[in-house]
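Protein chains: 2
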Amino acid sequence: MLDLESLFKLSYGMCIIASKEDGHFNGCIVNTVFQLTPDPPMVAVSVNKQCLTHQFISSSRVFAVSILSEAAPIPFIGKFGFRSGRDINKFEQVKYRLGATGAPIVLDNAVAFLEAELTQNIDVGSHTLFVGRIISCEMLDDTAYPMTYTYYRDVKHGRTPKSAATYIEVKPKPVDGAKENEKV
Amino acid sequence: MLDLESLFKLSYGMCIIASKEDGHFNGCIVNTVFQLTPDPPMVAVSVNKQCLTHQFISSSRVFAVSILSEAAPIPFIGKFGFRSGRDINKFEQVKYRLGATGAPIVLDNAVAFLEAELTQNIDVGSHTLFVGRIISCEMLDDTAYPMTYTYYRDVKHGRTPKSAATYIEVKPKPVDGAKENEKV
Chain D
5 MLDLESLFKL SYGMCIIASK EDGHFNGCIV NTVFQLTPDP PMVAVSVNKQ CLTHQFISSS
65 RVFAVSILSE AAPIPFIGKF GFRSGRDINK FEQVKYRLGA TGAPIVLDNA VAFLEAELTQ
125 NIDVGSHTLF VGRIISCEML DDTAYPMTYT YYRDVKHGRT PKSAATYIEV KPKPVDGAKE
185 NEKV
Chain Z
5 MLDLESLFKL SYGMCIIASK EDGHFNGCIV NTVFQLTPDP PMVAVSVNKQ CLTHQFISSS
65 RVFAVSILSE AAPIPFIGKF GFRSGRDINK FEQVKYRLGA TGAPIVLDNA VAFLEAELTQ
125 NIDVGSHTLF VGRIISCEML DDTAYPMTYT YYRDVKHGRT PKSAATYIEV KPKPVDGAKE
185 NEKV
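Heads up: the protein sequence lines correspond to chains D and Z, in order. Numbered as in the numbering used here, the first sequence ends at 188 without a single skipped number. Numbered as in the numbering used here, the second sequence ends at 188 without a single skipped number.
Just so you know, these hints were derived from the structure itself, not from any lab. Misleading hints may appear alongside valid ones.
It does not matter which identical chain is used: a pair holds within one copy or between any two.
What the hints assert, rightly or not - Here are the simulated EDC-like cross-link-like pairs (lysine to aspartate or glutamate), alpha carbons at most 16 Å apart as the crow flies:
| no. | residue 1 | residue 2 |
| --- | --- | --- |
| 1 | K175 | E9 |
| 2 | K175 | D7 |
| 3 | K99 | D112 |
| 4 | K99 | D145 |
| 5 | K160 | E74 |
| 6 | K166 | D43 |
| 7 | K166 | E9 |
| 8 | K83 | E96 |
| 9 | K175 | E142 |
| 10 | K83 | D112 |
| 11 | K175 | D146 |
| 12 | K83 | D7 |
| 13 | K53 | D43 |
| 14 | K53 | D127 |
| 15 | K160 | D145 |
| 16 | K166 | D127 |
| 17 | K53 | D26 |
Model the full structure from these sequences, guided by the hints.
Written out as structure tokens, the structure reads:
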């Protein structure tokens, strides 16, 4: 059985991953950032190959991850998650600073951030798994809760673009009286 | 700055990853399971090279992941997370079934599971990042909440072994009256 909706039970956190190229900045929403090893601290993230941020990370070999707060408003997430940096400058009217790697760190609605230098990029089909060594990481607001993907979906009623690593097509629920196995 | 405690703001879920070798089963706790791509559905997980489960996955090239419920008791997590399969048979008195891949799927305290066939193993130092194609996945209890790593730490007061991908040495808090930047 391949009941992909069961994968919603995996837990993730909502982040912005950002990078640079030729003096330009771009970032997108990812929910697949995770620590790989404690010493040295390494991190991995899956990014869709069609994203401009993918191109920027591939060329600059650095990236910054801002861990979003539960309070991050949906329009803010929408700007980074549903718009392309090829059409708009996502960093306009966004508070950020340049990190030690030169990558832009989004500070708005972030509870903490990390910066990494790319050590490996692994082709996994539609996405690349970027592996990096953490160069710096810092708490911005220890009292704020990070936004989990579950919170984003269930409480904020946020949507997921088809380009996301964890995109799952939710099938219609069976009508009343239909048997469970009639679900399409 | 490298304030590793800020990495606690990354969100994870608590899982058991299990595999087989020569008719033996073993599993361990991981909190670094994440979906890499939606189509075909691929998954990645970071496992410490010293774990017996690492050896089993490397040789059988299959693994099963059980996503744990918030209700999973600490002694159950302790058995899989703090004991070695070289010393005890972790599958004794545990409800499980064999999956399509032949990997053992732990059913106790699980809200959902997935099984995968290994496609890549990436050396990241102390750990290996196993990448696999999801062969089957299934909901076991849609009403139960999956246990996040934050819930495990903050509500269940669970500890983390040094072998974990996300192990972070928590530094002592400053004594009353000490300035924040005197934190060691």
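Each hint, compared with the structure:
1. K175 <-> E9: within (8 Å within a copy, 39 Å between copies)
2. K175 <-> D7: within (10 Å within a copy, 42 Å between copies)
3. K99 <-> D112: within (6 Å within a copy, 46 Å between copies)
4. K99 <-> D145: Close inside one copy (15 Å), not across copies (42 Å); limit 16 Å.
5. K160 <-> E74: Intra 9 Å, inter 22 Å, cutoff 16 Å: intra-copy only.
6. K166 <-> D43: So K166 and D43 pass the 16 Å test across copies only (10 Å; inside, 34 Å).
7. K166 <-> E9: Classified as within: same-chain Cα gap 15 Å, cross-chain 33 Å, threshold 16 Å.
8. K83 <-> E96: So K83 and E96 pass the 16 Å test inside one copy only (11 Å; across, 51 Å).
9. K175 <-> E142: Between. Shortest inter-copy distance 15 Å satisfies the 16 Å Cα cut-off; intra-copy 40 Å does not.
10. K83 <-> D112: within (13 Å within a copy, 41 Å between copies)
11. K175 <-> D146: between (38 Å within a copy, 15 Å between copies)
12. K83 <-> D7: Close neither inside one copy (31 Å) nor across copies (29 Å); limit 16 Å.
13. K53 <-> D43: Cα proximity of K53 and D43: across copies only (14 Å, versus 29 Å in one copy).
14. K53 <-> D127: within (9 Å within a copy, 23 Å between copies)
15. K160 <-> D145: neither (21 Å within a copy, 23 Å between copies)
16. K166 <-> D127: neither (19 Å within a copy, 30 Å between copies)
17. K53 <-> D26: neither (19 Å within a copy, 39 Å between copies)
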